[in-house]
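Novice: One letter stands for each residue in the lines below.
Protein chains: 4
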Amino acid sequence: MADSSHFLHSPTKPFRAEPNLKADEILKQMEHISFQGRNLAKAYRTWKRILNEDVLIFLGVAGALSAGGLRLLIAQIIANRWIDCVVSTGANLYHDLHETRGRHHYIGDASADDSLLQKAHVDRVYDTYANEDEFIDNDNWIANYVTTLEARPYTSREFLFKLGKHLWDETGNEGILTSAYRANVPIFCPAIADSSIGMGLSQGRHLKPDVGYIDVIGDVIESTNLVIRRRRTASIVLGGGTPKNFINQASVQAEFYCPEINGHQYALQIVTDVPHYGGASGSSLSEAQSWGKLSSNADRVTVQADATLALPLLVSGLVSTNSQRKSEAIPCFDLSSPIMSIEGIPFPKGRYEEHR
Amino acid sequence: MADSSHFLHSPTKPFRAEPNLKADEILKQMEHISFQGRNLAKAYRTWKRILNEDVLIFLGVAGALSAGGLRLLIAQIIANRWIDCVVSTGANLYHDLHETRGRHHYIGDASADDSLLQKAHVDRVYDTYANEDEFIDNDNWIANYVTTLEARPYTSREFLFKLGKHLWDETGNEGILTSAYRANVPIFCPAIADSSIGMGLSQGRHLKPDVGYIDVIGDVIESTNLVIRRRRTASIVLGGGTPKNFINQASVQAEFYCPEINGHQYALQIVTDVPHYGGASGSSLSEAQSWGKLSSNADRVTVQADATLALPLLVSGLVSTNSQRKSEAIPCFDLSSPIMSIEGIPFPKGRYEEHR
Amino acid sequence: MADSSHFLHSPTKPFRAEPNLKADEILKQMEHISFQGRNLAKAYRTWKRILNEDVLIFLGVAGALSAGGLRLLIAQIIANRWIDCVVSTGANLYHDLHETRGRHHYIGDASADDSLLQKAHVDRVYDTYANEDEFIDNDNWIANYVTTLEARPYTSREFLFKLGKHLWDETGNEGILTSAYRANVPIFCPAIADSSIGMGLSQGRHLKPDVGYIDVIGDVIESTNLVIRRRRTASIVLGGGTPKNFINQASVQAEFYCPEINGHQYALQIVTDVPHYGGASGSSLSEAQSWGKLSSNADRVTVQADATLALPLLVSGLVSTNSQRKSEAIPCFDLSSPIMSIEGIPFPKGRYEEHR
Amino acid sequence: MADSSHFLHSPTKPFRAEPNLKADEILKQMEHISFQGRNLAKAYRTWKRILNEDVLIFLGVAGALSAGGLRLLIAQIIANRWIDCVVSTGANLYHDLHETRGRHHYIGDASADDSLLQKAHVDRVYDTYANEDEFIDNDNWIANYVTTLEARPYTSREFLFKLGKHLWDETGNEGILTSAYRANVPIFCPAIADSSIGMGLSQGRHLKPDVGYIDVIGDVIESTNLVIRRRRTASIVLGGGTPKNFINQASVQAEFYCPEINGHQYALQIVTDVPHYGGASGSSLSEAQSWGKLSSNADRVTVQADATLALPLLVSGLVSTNSQRKSEAIPCFDLSSPIMSIEGIPFPKGRYEEHR
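Protein chains in written order, with my numbering: chain Y, 2 to 357; chain L, 2 to 357; chain R, 2 to 357; chain D, 2 to 357.
Bear in mind the hints are in silico, worked out from the structure with no lab data behind them.
Take these hints with a grain of salt, some might be off.
The list makes no distinction among identical chains, and a pair is therefore deemed to hold if it is satisfied within one copy or across any two copies.
[Said to hold, decoys possible] Once the Cα atoms are required to be at most 20 Å apart in a straight line, the calculated SDA-like pairs of lysine to any residue come out as:
| hint | residue 1 | residue 2 |
| --- | --- | --- |
| 1 | K209 | R153 |
| 2 | K350 | A152 |
| 3 | K29 | E19 |
| 4 | K209 | P154 |
| 5 | K350 | R230 |
| 6 | K327 | I343 |
| 7 | K43 | D110 |
| 8 | K14 | E133 |
| 9 | K166 | F334 |
| 10 | K163 | E151 |
| 11 | K43 | A111 |
| 12 | K49 | N21 |
| 13 | K120 | C259 |
| 14 | K120 | N298 |
| 15 | K14 | F136 |
| 16 | K29 | S324 |
| 17 | K209 | I340 |
| 18 | K120 | E256 |
| 19 | K209 | Y258 |
| 20 | K49 | T322 |
| 21 | K350 | P154 |
| 22 | K163 | R183 |
| 23 | K209 | H356 |
Chain Y extracted, bound-state conformation (with noise of 0.2 Å):
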């Protein structure tokens, strides 16, 4: 008969309410305890070590994140430069741009007569609220922007880039893409059309003929190139969706390449879908190794929740911790132009930086 010591040697401890816990402390003792609890209490401490480790770290983001509450956290983790590249759905950014331009989204209700809101104008996301006719000034404002554009093609990454520098040079306010304009993170966004930022960007170009060029590929090459320079990455995905896919395939397509490379070094993932019905966004991170996305023996921590519940006793850890990144680790890019470039060292010109 098998041993059960070889099985059973790490007890769980339950977990104790005590007067004044701080979010570090609450999530020190969800390590000892079971499920999603002890999954949020291992990405907490994994992503500590990432933090002192020399990794280049992705940031995926999708979901209602921004529309939910969350955009400060995730600006916070940009100005830390907790992370060194976010990987967006374009809602995301969009929900940022309307709080940074000073506007709102609200407590509403979640069985609330849609018909109702529809007439007046109010636009739901579950139990939020927001204020359609200001959604369409939003529109016109990034339609205007992209007016002043070039008639070229950027890739989402210098697009978004101008535009965080737009919005911060307009209202001095904290966001995400303001935030990441400031602290220099590159921020893509590959489903960029569909999204009410590309609704602006398509009525730039009604607006004006020829500008309004996204180059979704161009963003392919720069994503994998930034693998292939750092050769250790991380990929921390909150949600599912394109940022976590698109995270993965710059790997992948890392290695076709440069062959030394073979996935992600450590993924962590907040998601809520599941993995049985094959989608990419419920995946498991370990199918992610069957494909290369992620090395075979990766960290890999899933959490099965809701970000609204998840991110803030997360981040409120790693701020209570005073979580500091081994600054060697941090890249200093140059975002500014066509070609963003590392350390000062441009990536080539539409073509993948292969093996060195």
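Knowing the structure of chain Y, use the given hints to seat chains L, R and D on it.
Specialist: Showing chains L, R and D alone in chain Y's frame:
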């Protein structure tokens, strides 16, 4: 056109992580964000309000909460008399007993080879392990205790009170059963047959004829009489399962004999199941109103989350703010005999207390 | 390098819709696709295989299946003796009884105003309604029947057999309870207290002292003795809940008294719950192997789907191919008395049948 | 008291399995049961109705449907012109291309050792495998094709039409891309950068400067102009993701330039994601009404199910009843050039067609 300002009056506020946030401060900020984060904050605020109301508070306990490391949180809830009556699955009481008897659950691996575990006598609960031989010892311990009982039916409430006493006398350890015994809080376990406690009871009968009868129909009557006596009631449910419905049916049944009762006044639930497949575990609290399980003006909060994520934060918040129950609202039970009593007044024997 | 051909030998084939495909033809094609479609096809094929094996087949019934319109499918499964023993929630039996008594469930609206429904005495189960006054009439009907019983404990198995007979005698209508009565198939309802049947039993006791005792611990012993007698067993579970675990614990308990039993040989489940929160309802069939609930070489199929989608296709497939149970495998029960018997040999009274 | 008969007029009817039920007969019975079974039947009936309406029908394709064995069903839907325009993720088109090129997906194991798979160059999609070396060959095939394109931006619509033609010319095999090419049905892929097709495009540019530009903002304009031209539209969505939102934003954007457009007239979705986390994939069709994505009187059906379970039955039902599209409703497209046209009338270049 309808006026958007009718709907847009309470802006959300993005969560901002600050150093040394305590549980209650995290929850207070979460009240202003969206989705399940907001719902958890509403659950916290509502529970605090309930503590100051003249209501009898039921707590439902389903899912692998004890195995998952939440048994001391539940014991704290009981010891603080933040609730008055527990309805639990058998498994949660059994896994509680396991640890109260000094044994452990262990940190395991959700993708383990279960054939190997079987050979090693290791039982797996998702990512958590236990020693099967220790479980068999628990079963024998229960069976031996059962042989000391009288040859008559016990309600699960009476049996579990005595079991809690026996466990406390033998171990002096804190846990759900022992805390409920010490705080004179009744525990109902309507599906006790579907658990290792039920298995232990049956093994007791195998050892000694005519013992191990549990009168679960008597539990229906007692739990209903509780509602009839106190009229104003609240339901706090962790998971779904038999506890959720049993608490709800108590108010439906009470109305049968006391028509002015028409449902619990408050209902909180932390669940992972969803409404759209029709099952009771995932059913919405609104649906419960159609049945009269809840009052049509009941305050209702559903948090869609794993309790291992939600409960540590929620209870830590209650502890941090030194939440106290309004003392006059706390009923004084006598649970030591076949007929329970409140404030010294026994329930009728085997009958519903009818309309006064 | 490992050889991909080791893994890549059975190509999938895309589903092609052809005119007049019958249920079994649809299922046969689904065997060659992926994800839950394939799983349903595997469940179909495995069930057909089980029908030809010398195994005792348990059927677990949880979730709102009767209210959801699946009661005649379950009755057909029973009448065809595609299973030998049912374990059900109380609600499924109650909603079955409701229709067998000639009443209906109604097409409703999942987003109805539940306060209005409450006022109109309409009970909602997601998108389905029922008349609450008719439910009260059912409760009274059960209570009156209960007053005709002897003042002694009945196992749920004995009680439900008699209730099925009474219902058949009175209505002559097909349903779960009446089909099980007529086919001599035992029904266990371990959580009977947590249902309107339990409420009816309690109301019977209110009317007449000392009736309405259900010996659910006796059910534990009987269901285990079934496994000890037949040794080779299969578990087919719709939903999770108490039926899933009760069927599983029968084989764990059987091993206690008969060590060469080590788990069900086959396990199928159609569930919507998921494993990663640790609850038993969603737990994987692999996890069940660690406990010895299933044999370590058991055939296992999990279909993640609403039974209202999956069961019509599955049972229509079984019917279309004229699936027949191997007649020698069908046990002959006597269920009419406190002690049940198989093939004329009664179980021991209140004891486990031990190792032979 | 409100009258229950106001709510209780359409009884459900339990499903009864009969020999040789065909897909459409199964669906007809399912209309009378509950939950997701009923919803699937409503989706079937609604789609049949839409076929006879003067509406332009969008089909959204997300999730691993092609890898999952549904690509020929989708090809049949296209070939029968049961829809007019496809919006797809890149992965579904890529996995379609893989099989159209004569390669396979394989039946695999969801609990495989992914490190071994990685070593064997086997990529896993839940329980399905593919040969990574064949994927690399696909990528090269796409890249080589891309080098034959002109050095100018192509909308994804134009590019995918040409790719479908190239694939048809080379293989003569049925599939999504080839059927759409042959039926003159446009395919939009707004997140094309986030897929192996995007990777292939980028590799094409690596081989030959200045090719591989995809004008996804042009796709926004074209898809919107489709709505402006046809006014009455329907949305049928498999999965969520970018296709769901892209189809919805087309009607929102159309209203901007043509105010009498106010949302799709019909909306069907088969999804596994849920609304309560706020993400667009799981969002309710009611919520979509608040935004004007759907008309406030739109017929809406959500089926919560894995498409591999639901689509084979649904499409087999449509085929069995010889469902025909009202021929006058079918638009005639020219998709071969940078500017698409309907009924011979081209769209404006890079501009929205405004209010007529």
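Novice: Indicate, hint by hint, whether the structure satisfies it.
Specialist: Status of the hints after comparison with the structure:
1. K209 x R153: both (12 Å within a copy, 19 Å between copies)
2. K350 x A152: Both ways: K350 and A152 sit 18 Å apart in one copy and 15 Å across, limit 20 Å.
3. K29 x E19: both (13 Å within a copy, 18 Å between copies)
4. K209 x P154: Answer is both; intra-copy 14 Å and inter-copy 17 Å each pass.
5. K350 x R230: This pair counts as within: shortest intra-copy Cα distance 15 Å, inter-copy 40 Å.
6. K327 x I343: Close inside one copy (17 Å), not across copies (58 Å); limit 20 Å.
7. K43 x D110: between (34 Å within a copy, 13 Å between copies)
8. K14 x E133: between (49 Å within a copy, 19 Å between copies)
9. K166 x F334: within (15 Å within a copy, 42 Å between copies)
10. K163 x E151: For K163 and E151, only the intra-copy Cα distance (12 Å) is at most 20 Å; the inter-copy one is 29 Å.
11. K43 x A111: Intra 32 Å, inter 14 Å, cutoff 20 Å: inter-copy only.
12. K49 x N21: between (23 Å within a copy, 17 Å between copies)
13. K120 x C259: So K120 and C259 pass the 20 Å test across copies only (17 Å; inside, 55 Å).
14. K120 x N298: For K120 and N298, only the inter-copy Cα distance (12 Å) is at most 20 Å; the intra-copy one is 54 Å.
15. K14 x F136: between (49 Å within a copy, 18 Å between copies)
16. K29 x S324: within (15 Å within a copy, 23 Å between copies)
17. K209 x I340: between (25 Å within a copy, 18 Å between copies)
18. K120 x E256: Between copies only: 14 Å across, 52 Å inside.
19. K209 x Y258: Result: close only across copies, 16 Å inter versus 39 Å intra.
20. K49 x T322: Classified as within; 10 Å inside a copy, 29 Å across copies.
21. K350 x P154: Answer is both: 13 Å inside a copy and 17 Å across each meet the 20 Å cutoff.
22. K163 x R183: within (11 Å within a copy, 42 Å between copies)
23. K209 x H356: between (42 Å within a copy, 18 Å between copies)
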